[in-house]
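Asker: Top line first, the protein sequences correspond to chains W and S. The first sequence begins at 1 in this note's numbering and counts up one residue at a time. The second sequence begins at 1 in this note's numbering and counts up one residue at a time.
It is worth saying that the hints were derived from the structure and are not from the lab. The reader is advised that the hints may include incorrect statements.
To be verified - Stretch-level coverage of chain S by chain W, calculated; a stretch enters the list once three of its residues show a Cβ under 8 Å from a Cβ in chain W:
#1 8 to 22
#2 44 to 56
#3 100 to 110
Note that CB positions come from ideal geometry on N, CA and C, so glycine has one too.
If you want the building blocks of each chain, they are given just below.
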Amino acid sequence: DVKVTQSSRYLVKRTGEKVFLECVQDMDHENMFWYRQDPGLGLRLIYFSYDVKMKEKGDIPEGYSVSREKKERFSLILESASTNQTSMYLCASSQGGLAGPSSTDTQYFGPGTRLTVL
Amino acid sequence: GQQLNQSPQSMFIQEGEDVSMNCTSSSIFNTWLWYKQDPGEGPVLLIALYKAGELTSNGRLTAQFGITRKDSFLNISASIPSDVGIYFCAERHPAGKLIFGTGTRLQVFP
């Protein structure tokens, strides 16, 4: 079974703090994704990566950055947390391939990190 | 950007009732996906649809890919308490990204 784990289930930070959210997958997947989930807005893509050291902006990248130094790990970074970044953050991975994200790839999600910024 | 309109936003039903929800898009895509998110967990893929008109079942769940390729429907028959959660439709962008609907929150009362 695919397992996607996220470093924390709940996190409380203060405005202006630097925040790291970590995601690890154990299935040797090429592609990894970060989403945020807000009531009434569904899941929105922040950043994704289809290879080590590669990253692509999603639909709402402002205020975030990412790091993928190893294939199994994809980190989301909030350089200076703000209250409007209070949200549920979901990481996902998919198998992918040499050609980049495949149109038939299934994404597997982690349990989420609920971040509150005070 | 692309929008997926999902309705209804929430549903409160009694155990045993059938449920129907739908999703519409402003664009045409080649894949419709339906995910379920249990409370406190990440979404899990329920059903994937790949061609217009396709009707696919997974146990008590049935989903259809609309003929116009701009909509999809998910039906749940004879609901049970463990059906509680948020159901999301999603479209797969050619670059591999997923575009999600706004979700339908389902509550099932005994």
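Asker: For each hint, tell me whether it holds in the structure or not.
Answerer: For each hint, the structure was consulted:
1. 8 to 22: violated (count 1)
2. 44 to 56: Coverage by chain W holds for the region 44 to 56 of chain S (3 residues, Cβ < 8 Å).
3. 100 to 110: As far as the region 100 to 110 of chain S goes, the hint holds, because 4 residues have Cβ atoms under 8 Å from chain W.
Comparing the model with each numbered hint stated earlier shows that hint 1 is the single one that does not hold.
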